[in-house]
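Put the two chains together into one complex; each comes in its own frame, and the hints tell you how they fit.
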Amino acid sequence: MDRKEEFDALRQELERTPAELEHSVTRARARAKHHRRLRWAGIPLAGAAALFLAFTLMVNVSTSFAAAVAEVPALGPLSAALRWRGSVRTAAEHGYVQAVGESQTVNGITMTLDYLIADQKKVSIGYTASCDQPGRTVKCVGLGGGLEDQSGWIAAFDVISTGQGQSLIVVEFQDRLLADLSPLTITLAAVPDGTSAMDCQDRAQFTFEVEAVLTGPQQLTIGQWVELEGSRLWLDRVDIYPTSAQLYVTDDEDNDAWFNGLEFHLEDGEGNCYGPEGSMLGEIVNEGDNNYVLWFATPWFAPDSQLTLHITGSSWSAKGDEDSNAVVVDLVSGTASGLPDKLTYVGAEQVVTGTAEDGSDQYSTRLTFRAEGLPAQMSEQSPLPYLFQHLYVDADGEGHPITTMGYGLRQSDGSYPILVYVDCAYKGDTLTLYLQQTDWNYDIEPLVIPIR
Amino acid sequence: MNEQQYIDAAQAIKARLYRTALLYLGSGSAAVDAVDEAIYKGFLSYKKLRQPDYFSTWLTRILINVCNDELRRRGRMAGLEELPETAAEQFDALPLREAVERLPRQLRAVIALRYFSGYTLAETAEILGLPPGTVSTRQRKALDLLRLELSEEEN
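Heads up: the sequence lines are chains A and B, in that order. Taking this note's numbering, the leading residue of the first sequence gets 8, the next gets one more, and so forth. Taking this note's numbering, the leading residue of the second sequence gets 8, the next gets one more, and so forth.
Just chain B, with the same shape it has in the complex (with noise of 0.2 Å):
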């Protein structure tokens, strides 16, 4: 991959990478920065990328990490805390983009690589480095708790 491919790639998915970084960590200009960051992570290491095909996989990996890396960085700072599995009610009672924002954040990733940037479920096992069956086992426990019914239609 050329410096050109990198950028014309990374032009096209970079709305996507947006919105799931947006739902990862709850606000805009956090998700923008992690985009850059991202891109930008990218751009370091783009030639390495010996398998062009996974291109979208490799850098919303990229983007995973650094959204994790924001959110120990934030470590105790205010902001949404995360619910327990085991709150299913309060989940329930929650509008949906809280709800999603406050799941545990291994459910949550799955729910925005899912469906809200489309990715396939083996391209979400593989950006989360996962056996598929576990992905899918947390897409199920997180639409539950969300009380969403979703077809594969709506991925």
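For reference, chain A alone in the conformation it holds in the complex (with noise of 0.2 Å):
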């Protein structure tokens, strides 16, 4: 072969992508909608640890959480993931589970599909893998089959490993409602421990005829205008399934401002509340023509009928170009210019935030804003840190991703220190920030809206 048949060979070779290139946007944009969750370092670890102990009481006390596990036993070690569910555990407390038990072989890797909790928005699949090859892991590697649209998409999906074998896919459709799961196509590889499983070519497909219950939605219309900071808000309508639910709202094209986020709740005839539960897309997933979609916790398994939706708060961005949302920090005056009413600049220091590889401190510069109008508490899903997006722009107009983003203690007179950290670098004297909302209020008189 000369070098020129080596060439078009090569280019032919290059022509054939990877099957896990196919979800390279979705896996973007997903990590794109969770960036704005980074939290202040402390912060999530005490939200874990709350939230760790609560699973390990509710695992001890709930009888119907007990119940499940007993029907299905492969939901035991699942449960760890499961706690990070919040819908999809109450599914399960409820026995909304479909017990499979299937078990096959392909080319020494042995997967055994243990459960279904599926709607027709929402499919968690719990499935046990082993494989006959000493210091291999098995993972997933691919869907397929009914999780498919037309076009061989598969929507958002994230699969969750708990170790020994088990694992949970999770598959989220934002665009379309599952028709049928059937058949039910995953790919795992036997995966040399230490390496990618992008590289491993020891694959194999299995395929599931299941005969899964896809339960559709309770869907309850709302329908009807409410204004928040001067803009209007059409609330649509909610839909509700067993393992997750969406309110549906758009915003007036006459607004002076994006809408950009609620503060909002369902509560039933028992107080029982059900707050905003993000979706692997966001909290809030815009489906252009000014429509959002705000995914909450299910009241599916609500005891009572009644259910009140509470709007708590909202956040607007105003509209414009780009550069009105601009905030333009001097580091060498100490001053901010392109702030809102509710937002100050308090200063900036650079603080140690990681060690090199020779050993030496890694330093960010932190920026700090003092932010008021905001609740008194903070909880996972608050909007409240992510007042500026996740970029700044140096002296020299390049753009880069913000580190990290998060809020300190609440003071004593009601606001909230807001943390910006770029990176180590950046020597400049002057850097460009870009508000996320311009304007907003969490400290309104609650609207509560009967829905059903």
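Honestly, the hints are just simulated from the structure, not real lab data. Don't take every hint at face value.
Claimed, not checked - Pulled from the structure, derived: some chain B residues nowhere near chain A, Cβ distances all over 10 Å:
(1) Asn9
(2) Ala17
(3) Gln18
(4) Asp43
(5) Gly49
(6) Tyr61
(7) Ala95
(8) Glu96
(9) Gln97
(10) Glu130
(11) Gly140
(12) Thr144
Said to hold, decoys possible - Pairwise CB distance ranges, derived in the manner of DEER restraints:
(13) A:Gly201 x B:Gly125: 34 to 44 Å
(14) B:Ser36 x A:Asp139: 39 to 49 Å
(15) A:Pro310 x B:Met8: 39 to 49 Å
(16) B:Ser36 x A:Glu452: 50 to 60 Å
Owing to the predicted nature of the structure, the values given are computational and were not obtained by experimental measurement. Glycine is no exception: its CB is placed at the ideal position from the N, C-alpha and C atoms.
What follows is the structure, given as structure tokens:
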């Protein structure tokens, strides 16, 4: 083969792209949305500890969960994963689990499809897998079959491995509802320890014919405008599924500001609250044409039929070109311009945020702002820290991602310190941040709207 | 550019991005990671893209930066070492793919973009932030080392 033939062969070879590339955009999109959830270092650990405690108590005292575990034994080890999936866990607690228990062995990999927790909007697939080769871990590298739409596209998905061979695949559908799960196709790879699953060719495809019961939504029409911070928001409807729920809203195109976030929850007649519970694509999914979908904890299993929607705050972003949302921080003079009324600039300082390979300290520049009009209680779902977009522009006009953004402890005057970390290498005199929200108010008289 | 436009545009060029990253980094998994990272970084800043016509060169430029970061991160880690421009005989003895992967980085980028990702000379210059004349010189040098005679039609 001469060089030219080699060239043609190489071009042909490179035309083939790996399956992992198929979901690059979905992964990046989900990651970009989740980027908004970054928290100040101390917060997530405390939150995780609290969640773990709550889960431990729930497993110990909840007879319904214990009953579900008894019916589907694989739920036991997988419950560690389920604690992070509020509504899925709720569904499992209420016995909304379809046990399968079918095993197949392909290319030395044995997979048991343990159970499904599925409806038309979200599917959770629990399975156990092992291989006959030591020093390898079985990982999921592909999904297909009934999960694909006509163009071969699979909605946002995540795979949670709990160790000891158990895994949970969670798939969410944004633009369509799942009509039929069968045939369910899952590709697994026996990955040598310490190597990448993507490079592993020891793969096996499993196809299961499953008769999954896919529950459709309970749709509750709201159909009314509300006015928040001088802008109008159309509350269209609520969709409730066993494993998730969504509030559909539309902002008025004549508003002076774009809709940016809603502080809300649903409440049943017994006072149980169902608050925001982000989808894989974020707390709010922008569907275009001023339409937004807000995911929240499902009240499907609510013990009382009455439901009211409580709106306690909102945030907005002024319309106009991007420069209208720009905040220019002058690190030399210690001033900032372009700030909205409820936000003030406190100052900047170099702080140690890590250790370099050579053992020396790594620094970041921490900018501190103070925000007013935020709710008294911060929660994992609060949109509070995301006052800025996760990007700053340096003095040369180059954009860079912001390393971390978060908030400090509530001050005695009710304000919160908002902390923005930019990379250690930043040496310029000025930098520009972009506001994600230009107006917010989480201190309003709650709007209570009966919806069922 | 709105989010859906960004998604559609990124979908359309992700295979092209992958080919560029694969030749640049020499590993399929690293290339997928680099494409993921580039598309992710693009997500963070697509709203600032004032000229959507330059979308593919813009995102490819992000990808090249990601690849350069990855190569810097690898540092002295084992892998295919670049050969100097003076090692013509060694290049000649290598299979083409390995020869491309062992080109000096600045030449490899030009070859990957021009002949495996289908960018024009002007686009390649835009992506790499170089004058077109420099790209042309590097292209000629790289083709000489690879013992390849390619016409413009083979771009």
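Structure-based check of all given hints:
Not every Cβ of chain A is farther than 10 Å from the Cβ of Asn9 of chain B; the closest lies at roughly 7 Å, contradicting the non-interface assignment. Chain A draws Ala17 of chain B into its interface by the beta-carbon criterion, the shortest separation being 5 Å against a cut-off of 10 Å. Here Gln18 of chain B does not stay apart from chain A, with its beta-carbon only about 5 Å from theirs, under the 10 Å limit. Listed as a non-interface residue, Asp43 of chain B fails to keep its Cβ farther than 10 Å from every Cβ of chain A; the least gap is roughly 5 Å.
With a minimum CB-CB distance of about 7 Å to chain A, Gly49 of chain B fails to clear the 10 Å threshold, and the non-interface call is violated. Non-interface call for Tyr61 of chain B relative to chain A: holds, since the shortest CB-CB distance, roughly 15 Å, exceeds 10 Å. Against chain A, the non-interface label of Ala95 of chain B holds: every CB pair exceeds 10 Å, the least being about 13 Å. Listed as a non-interface residue, Glu96 of chain B keeps its Cβ farther than 10 Å from every Cβ of chain A; the least gap is roughly 14 Å.
No beta-carbon of chain A comes within 10 Å of the beta-carbon of Gln97 of chain B; the shortest separation is about 15 Å. With a closest Cβ-Cβ approach of about 18 Å to chain A, Glu130 of chain B is found to remain outside the 10 Å limit, as its non-interface label requires. Every Cβ of chain A is farther than 10 Å from the Cβ of Gly140 of chain B; the closest lies at roughly 25 Å, confirming the non-interface assignment. Against the 10 Å criterion, Thr144 of chain B stays outside the reach of chain A, whose nearest CB is about 21 Å from its own CB.
Restraint check, Gly201 of chain A to Gly125 of chain B: a C-beta distance of roughly 36 Å satisfies the suggested window 34 to 44 Å. Separation of Ser36 of chain B from Asp139 of chain A is about 24 Å and departs from the stated range, judged on CB atoms against 39 to 49 Å. Pro310 of chain A and Met8 of chain B have their C-beta atoms about 47 Å apart, which keeps the hinted 39 to 49 Å range intact. Taking the beta carbon of each, Ser36 of chain B and Glu452 of chain A are about 54 Å apart, inside 50 to 60 Å as hinted.
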